[in-house]
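There are 2 protein chains.
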Amino acid sequence: MTAASSTSFDASAMSRLLDHDNIDTRNGLKELFNGELYTPRYNVTLAEERELALQRLQAICDKRLISVLDFKDNPRRIFSAHETVGMMDGSTATKMTVQFNLFGGTILKLGTKKHHELLLADIDTLASIGCFGLTELGYGNNAVEMLTTATYDKDTDEFIVNTPETKARKYWITNGAVHAHYVVVFARLLNAGVDEGIHGFVVPIRDKDRNVLPGVTVWDMGYKIGVNGVDNASIGFESVRIPRDYMLDSTSTMTAQGAFSCDVKSKRGRFLKLADQLLSGRLCIAAMTLGSAKVCLDTAIRYASSRLAVGPKGKSDTPIMDYQLQQRAILPLLAKTYALNIAFNHAKDRYTELDASNHTDVLLLCCAMKTLISWHSEDTATTARERCGGQGFLAANRLGEGIIGGHAGITAEGDNRVLMQKIAKELLSGASKAQIAKEMVAGFLPSAMRRAVDGTLSGDLDDLQLLLKILQTRESRRLSELATKLNNGKKQGKSIFNVWMLEESDLVQGLAQAYAERLTLQCCINALRTCDQGLAPMLTVLFKLAAIDWLERDLGWFVSEGVLTPASGREVPELARRLCRDVAPYAISLVDAFNIPEHMRHAPAAGDWVAYNGFDNYGELLPAMQRRSTE
Amino acid sequence: MTAASSTSFDASAMSRLLDHDNIDTRNGLKELFNGELYTPRYNVTLAEERELALQRLQAICDKRLISVLDFKDNPRRIFSAHETVGMMDGSTATKMTVQFNLFGGTILKLGTKKHHELLLADIDTLASIGCFGLTELGYGNNAVEMLTTATYDKDTDEFIVNTPETKARKYWITNGAVHAHYVVVFARLLNAGVDEGIHGFVVPIRDKDRNVLPGVTVWDMGYKIGVNGVDNASIGFESVRIPRDYMLDSTSTMTAQGAFSCDVKSKRGRFLKLADQLLSGRLCIAAMTLGSAKVCLDTAIRYASSRLAVGPKGKSDTPIMDYQLQQRAILPLLAKTYALNIAFNHAKDRYTELDASNHTDVLLLCCAMKTLISWHSEDTATTARERCGGQGFLAANRLGEGIIGGHAGITAEGDNRVLMQKIAKELLSGASKAQIAKEMVAGFLPSAMRRAVDGTLSGDLDDLQLLLKILQTRESRRLSELATKLNNGKKQGKSIFNVWMLEESDLVQGLAQAYAERLTLQCCINALRTCDQGLAPMLTVLFKLAAIDWLERDLGWFVSEGVLTPASGREVPELARRLCRDVAPYAISLVDAFNIPEHMRHAPAAGDWVAYNGFDNYGELLPAMQRRSTE
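Residue numbers (this note's numbering), protein chains in the order written: chain R, 1 to 631; chain E, 1 to 631.
No lab work stands behind these hints, which were simulated from the structure alone.
Hints may contain errors.
Same chains, same label: a pair holds when it works inside one copy or across any pair of copies.
[Unchecked claim] Under the rule of at most 20 Å between Cα atoms (straight-line distance), these lysine to any residue pairs were calculated in the SDA-like manner:
#1 Lys113 with Asp245
#2 Lys313 with Asn498
#3 Lys267 with Ala192
#4 Lys30 with Gly258
Using the sequences and the hints given, assemble the complete structure.
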């Protein structure tokens, strides 16, 4: 039996595995997207681009294809909607995630009945549009230090929300520049001279006719490097008064008499509680960028399969997908998209069961998926752009949206690098001392002995269990190494800050990377047991390629640290090449399984690009835009 | 003496080293750029963006800051102008490079007196704007297969230029959509039924009032993922007649009687001769993207030095440039910018001496510099964007221009990956058989013996000569390995095409990469001997960091192949961290030496970004644009 026949698979079964849940919602969205409103257009003004993103979101809401109440009943529906909208338009997805997750979710979870009655129904219909006022100009990655205040005025039973200086302005506020009626403002609650820490307040900023309310300054942030359908603003408050009831009070309360009480004692704890919606927000970003990566791969692989270039006889008769160069660039990204999709499905399932008992696990999963998938999405789009050459440079082929959308994901709702630090911190505090001690001892041994201690790190690399073991070894080595460094630093009188931020940053990042990749492979191996067994042979090849790619990217470490012998090190790229060759014949079927309907396959490069270039198209996709003069 | 004091340096001497030549031209351009015309603006229409790029170029031409005749008198002036304009605006630089290098240079070199008299003076003033019609929709990387024809009609003494099908349309033609009066069309010359191969023809496409001429179809390609000031077109010809004299005839001639003759016998040879202007074009792209990388680093380093985040006590009091994370991300890019600048200067010098004797060397240098610098520029902008977080996402901070400008460079005028193949091919044909044989023998030895054969690959990695030796070893190993594989393939009856394109692509690319990086380090070491000796200590640290970064990125290979021991492998990241620490105190001085005047430092993040955010700026830089409504 050839490799080809043994790994053939049923594309619709594969789609079901990837799509995982809420197929009706996904299908509903895809049907909706079959229309002019959802066709990309390029020669539009900033104002038009923003209205378009709103109209697209409005139509989604009109069909009730997402609801803030899904957080209670069916959280995975939120994420599946994000992935599907992420395939269509990053701007619409971003406006949606702020409305339904950051704004809506916060109202749902931190608000109480009065807020729910005021807002929830209108959030679902977009009658009330909201934004999330956390980040301040001067305080991005250290939001706990923010400066905005909400001072309780007992005389009028109101809070006075105030922006003391430019660096305190709420910054990058999605939906703020044009559309939002409300903002959840995170501010220091000051009560009778006491700073009670950060709390959330609902502050109206526009009336129903979109006039900005008195005391609120909304400054339009204008053009960004992409997703310009999103209207970002810098927002300030000049002693804006809101009723006491507009404080979100599910955990902290304030009486009319000025008595403050809170379940959570530390100020940092209060802040973290408030920012909890960032957790699901990270899965939303993972979903959006996963959707975008799938579209980019679909385009790159279909184009490479139809673009002919030089063949054995010098004629232009060979699809560039046949070139090893193209396969080596694109197929590991395809394999990792599958692997990350499987791990992401697991993260969604775990999020659904979220409670106090699994909070740390879910936190780790959310951080791992948001970082790995947003970086992967940027990497995929960048590589696809380069491998599509000039076609990749046309706006209509949408790879630019993938690149910049990936960037947006990488640093939004927690800079990936900061989330990696968070992962490393959680791993350290959760690690068993015994395990670390064992690894520390192993760390002092010469590499031949280390291999003996670690056990099974020789053998055929073409084996998922061995690959998992290799990734586990990297993770546990780095965990113990970091613990040792921190411990030694402590003995030498160094602060944790110094060791962590000034000396061992590579190790901190490397530990988190090792964890996230190992976790992903673990999820993949688990999925092989439970999935439709007809899919297992193909998935096995893909998961191996993903794992081998991770090994290859960090091969210097694996061989230098004696986890792999130099001979195994030489096998890694060899095996990567073989796996790429094995995957290549299925590349089209594997993107078919992404289940992107033809009407959402907008990129001309993904279809009959010769026909598209057979008339004066102005680089546009909508017939009406193609007739529009560029003057 | 501390590392700090021993490596301090004179910034103006450093600038002179980097800028290298034509300081007057550079200064003239920088002075010119001190005005409203050259301030970036974002909320503009496509038509405005294109006119702006033209006006910017017109003012450069009005001041005679570049001339097509520089190719004769002072070619380095062309490249230095490209670098300086590349700092200012990628669109202007792209229009300029097509006008002066691809169009103007081709007229100069392939044309004869009649063409020079018709066009050269007007090229310098922009009275005649031209474009370069090489690429066809179906024939990007295999242009020798192009389909456009120029059929000689003896009866009228004319050529008839014709586009037989959609895939034959001239595609991506810069200056074509709006501005160009002429295009140099590359077409198959057909004479009395004989195909004489590809030749160049001057074809008028617009009259002086910019009306498109009969028979010419110019289709506007519309929005691209960036550099939208460039007006790209798809251009077709419906039996357009031009006088016989419009054939560029410096190597081939055609008499009125239809007698064709040519100095170059093979059709492929004729094509390569015609495409020779791509050689200087590659240095132009290297120059433009080098300029862009410098601006991105300037922004990233200044921002990181003024952006405060969490410090030892949890307060936002520490510049993020102090974080090892930031240093490790940005400083190797700074070091490589220096190293590549030095190698690029060498390439410019060699180009100036271009003749038959050094043609291959110059070809290799041009390919190496274009590929390494354009990739580096994209990488630098991408990393800078990510490390600047939200600020990096604002259009006004210009890192998006750097990302997409890098992309434009990577696949324009020869896809980098194809140029890497070209490098590998030239290296193979130039290699001495004896050297390859020696390496082939060494390749069969176990790694311990290999090290003995290679000689000196142990020792302190903190030594440029050893680093060079390591890079040389990689290059020669890969060269002999590729020769062996091709040889073995031949014995097994495989075609060279199959081995090259389907089996050994990684090795082909890896050889070219090894060559280009080794060459760069070699130029750096040479420069240390000849430079102002006060600069040598700082440069030595930078060049080491650049080389160590190259080692680190390919560390799996070095250790797996036994070029480095695992112990040396572990030293590599350690040394990289130490070198980053050593460079960090000089980061600002090192970007000062890029000699970017304050008025060209547009990115608010590079300056007082709090003040910039103290008013409603619409994300714009020009006061007039800040007042402009986005509605």
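Here is what the structure says about each hint:
In this homomeric assembly, Lys113 and Asp245 come within 20 Å of each other (Cα to Cα) only inside a single copy, at 11 Å, whereas the closest approach across copies is 85 Å. Within a single copy, Lys313 and Asn498 get their C-alpha atoms only as close as 61 Å, which misses the 20 Å cut-off; across copies the closest is 11 Å, which meets it. Taking CA atoms no more than 20 Å apart as the test, Lys267 paired with Ala192 passes inside one copy only; the shortest distance there is 17 Å, against 89 Å between copies. Taking the shortest Cα distances, Lys30 and Gly258 never come within 20 Å of each other, neither inside one copy (51 Å) nor across copies (62 Å).
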